[in-house]
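Novice: Here are the chains, one letter per residue:
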Amino acid sequence: MSGILEFYDRALNGERMEGKTFDIEVLPDKLQELIQKYEISYNREDVVPQDLDMAKRVFEAALELVSEVGVYFIDTKRIIKIERDEIIRALKDAPASHTMGTGADEVECYARGIEDKRRPLIIGGVNGAPISEENCIKILTSYAKEPIDGLHTGTIQSLFGKEIRAKSPLELLVCKYEALWARESLLRVGKPGLSILGIMSGSDSESQNAGDFDGGLRPSDMHLVVFLNELKADHEVFKKIVHNQHLGNIIDACMGGPTIGGYSGGPEGSAITAAAEIMAAFVIARPMTFSMYPVNLHSGVSSDKWTVWMSSMASLAFKAAGFDLMLAMYQGAAAGPCTEMLCDEIAAQTIAHTASGYSFIYGPVGCSMIKTDTFSGMEARILCDISRAAAGMSLSEANEIAMQLNADYEKDVMAKNAPEGKSFLECCDEKTLTPSKEYLTLWEKKKKQLSKMGLNI
Amino acid sequence: MSTLETITNTIIDGDRNKKIAELIKEALAQDLDPIDILENGLRKGIEVVGQKFESMELFLPEMVRSADAMMKAIDVLRPSFEAMKDGSLMKKEGTVVIGTVHHDLHDIGKNIVSTFLDISGFEVHDLGIDIPAEEFVDQAEKKGANIIALSALLSTTVPYMKDVIAVLNQRGLRSKYLVMVGGGVVTQELADQIGADGYGKDFTAAVQVAKELLN
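In the order they appear, the protein sequences are chains A and H. Here this note's numbering is used: the first residue of the first sequence is -3, the next is one more, and so on. Here this note's numbering is used: the first residue of the second sequence is 986, the next is one more, and so on.
Okay, chain A solo, but in the shape it has when bound (with noise of 0.2 Å):
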């Protein structure tokens, strides 16, 4: 397999293109031709997709949308021309199990397929949204209490009462401690080895290289390596990839996309970008894992049934073609926390994920992931009740339900009119990290309502 320094010798001299040209030529133009080409089309009314002949073709249009477009290289303006081979080479490689966290709080990961038995496993936390540092540690321990898999961080918003500046020292710090209040989080709760996921708080890839220290991540935890939209790379994603190979590190690759109604399109060429994001991935990083970020341009979020249905193809795609991958899944919802549509949205999204064959769930966060402390461990907790009871169920029993589940919440969705619900501390008791009985009863309220639809929970 070609190493991260022959992807760079293509950064270096391959074809010389324009930003622009790559973004409103040459992708959506591919697109169109792929859309047409291998028939993907969306009904606009599922939200779990049935068809899994489309899947294949899915993965068929990604796989020629890499090797004939490549990836753009922003900081060389030239294009990394990658092979059909080294893909097919990369997703036979990649690996269908790992292990993540150290001693008794290892967990054993695994590639799930379409309607596996087996539950995914939940990286509970706050997706990188925005938390104070007054209350980072308090939030994530309320995390940590529950059944999770992993510890997902947040970007801290101020150190010593200072606010944080990219590029600044300051940012290079509070990346430390974003990794070091992660552990004592775990820590609280006799759970000092299970796995974080970040680092979150930095803009580059000096800070974000900055969490992996003498009790900060370990090479045991899950690395972010976020690539940029749609399909590019710069200097700062390759020097992550290269710090993390270097110190043996578990890479979580993730392309933060992609963006429904951006250069990709509608759902169906974001489709095809997605399984080709994940392609490129797994080509230059070598990652344990790929997640996907997606997000609506219109809603802001990932809830809405386009970029749910859109989601699921994306994981069906691999598996319908027979690549054991683990993918993961990022989880946003519009509504804040202790609301019942942020129930609605987590529970949608999860029953699809989780029949598309999606190995791991991060989150969930709500309020779009943009307020401050506006999530508590409680979601996690909800997030983890829904993915054990939606395990096995079928492609069409799942589409059922997150159709019922979306008309409730999508019209509020679009319009962005969203209850904004509770605060961390409005939700969370200070002291005990617990939820709060209004939040609680609510769950169990829910909980009725999802089993009457016919979850098993």
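It should be emphasised that the hints constitute simulated quantities derived from the structure, not laboratory data. Among these hints, one or two may not hold up.
Capping the alpha-carbon separation at 25 Å, the derived lysine to aspartate or glutamate pairs in DMTMM-like fashion look like this [claimed, not checked]:
1. Lys1147/H <-> Glu159/A
2. Lys1037/H <-> Asp25/A
3. Lys1004/H <-> Glu21/A
4. Lys163/A <-> Asp1111/H
5. Lys367/A <-> Asp408/A
6. Lys418/A <-> Glu1174/H
7. Lys1037/H <-> Glu41/A
8. Lys367/A <-> Asp1182/H
9. Lys26/A <-> Asp1053/H
10. Lys1127/H <-> Glu1067/H
11. Lys442/A <-> Asp404/A
12. Lys16/A <-> Asp1111/H
13. Lys33/A <-> Asp1000/H
14. Lys1186/H <-> Glu336/A
15. Lys407/A <-> Glu396/A
16. Lys412/A <-> Asp1187/H
17. Lys26/A <-> Glu1039/H
18. Lys158/A <-> Asp1148/H
19. Lys235/A <-> Asp1115/H
20. Lys367/A <-> Glu1174/H
21. Lys16/A <-> Glu1042/H
22. Lys1037/H <-> Glu29/A
23. Lys33/A <-> Asp998/H
24. Lys16/A <-> Asp1115/H
25. Lys1186/H <-> Asp404/A
26. Lys418/A <-> Glu440/A
27. Lys1037/H <-> Glu35/A
Could you slot chain H onto chain A? The hints should help.
Specialist: Same frame as chain A, but now just chain H:
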């Protein structure tokens, strides 16, 4: 199909055959009123594009292509307006200098807002990404802008929005410009803390806020 309808449709399809400049020249050769060409040909087309984008019938690449075609067409029309000494072409909502702030490389949201402002009648000068505070102010002065629009995706780059306002204050220019902010983690609360004049939650809100600020 009339020439104006052809122009409208060419804008809607993003000028895929790259013939918009020729079409405008033909329309002028037919003695069509330049104002008519602008209002009932070009603007009619770009309005349809905006509506289709909002209703998710077309997407960002198509919208950018249509906006680019519109600009090409206006370049061909400009001498006619200058000859007429008619300010109609410049009947702009206002002039905006827009960019992503220092140390932030994210541009999709900014590009959408920039394009939407453009097709909504603003004169837009998109400075790109990773723009230092001084550059925003220098360009606003140079372009005769009314509005400085700042985008940031990361919470660590939001502080650089404040720097733009600080530079405006230092140069005694704060009252001359309206400052709008938006992007990933930016909220109304943050906009207030920064001391911005307006906050656009998304691309439609950004256009609305820009119009409200100028009125």
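Novice: For every hint, state whether the structure bears it out.
Specialist: Hint check:
1. Lys1147/H <-> Glu159/A: holds, 12 Å
2. Lys1037/H <-> Asp25/A: holds, 19 Å
3. Lys1004/H <-> Glu21/A: It holds: about 17 Å lies between the C-alpha atoms, which stays within 25 Å.
4. Lys163/A <-> Asp1111/H: holds, 24 Å
5. Lys367/A <-> Asp408/A: holds, 18 Å
6. Lys418/A <-> Glu1174/H: holds, 16 Å
7. Lys1037/H <-> Glu41/A: It holds: about 19 Å lies between the C-alpha atoms, which stays within 25 Å.
8. Lys367/A <-> Asp1182/H: Distance ~21 Å between Lys367/A and Asp1182/H Cα, so the pair holds.
9. Lys26/A <-> Asp1053/H: Satisfied, since the Cα-Cα distance of roughly 20 Å is no more than 25 Å.
10. Lys1127/H <-> Glu1067/H: holds, 21 Å
11. Lys442/A <-> Asp404/A: holds, 13 Å
12. Lys16/A <-> Asp1111/H: Within the cut-off at roughly 13 Å; holds.
13. Lys33/A <-> Asp1000/H: holds, 23 Å
14. Lys1186/H <-> Glu336/A: Measuring from Cα to Cα gives roughly 24 Å; hence the hint holds.
15. Lys407/A <-> Glu396/A: The given pair, whose Cα atoms are some 18 Å apart, holds under the 25 Å limit.
16. Lys412/A <-> Asp1187/H: holds, 10 Å
17. Lys26/A <-> Glu1039/H: holds, 23 Å
18. Lys158/A <-> Asp1148/H: holds, 16 Å
19. Lys235/A <-> Asp1115/H: This hinted pair holds, its Cα atoms lying about 19 Å apart.
20. Lys367/A <-> Glu1174/H: holds, 10 Å
21. Lys16/A <-> Glu1042/H: holds, 22 Å
22. Lys1037/H <-> Glu29/A: Given pair Lys1037/H, Glu29/A holds - Cα atoms ~21 Å apart, limit 25 Å.
23. Lys33/A <-> Asp998/H: holds, 21 Å
24. Lys16/A <-> Asp1115/H: Within the cut-off at roughly 16 Å; holds.
25. Lys1186/H <-> Asp404/A: holds, 24 Å
26. Lys418/A <-> Glu440/A: Holds. Lys418/A to Glu440/A sits at ~18 Å (cutoff 25 Å).
27. Lys1037/H <-> Glu35/A: holds, 23 Å
In summary, this structure violates none of the numbered hints.
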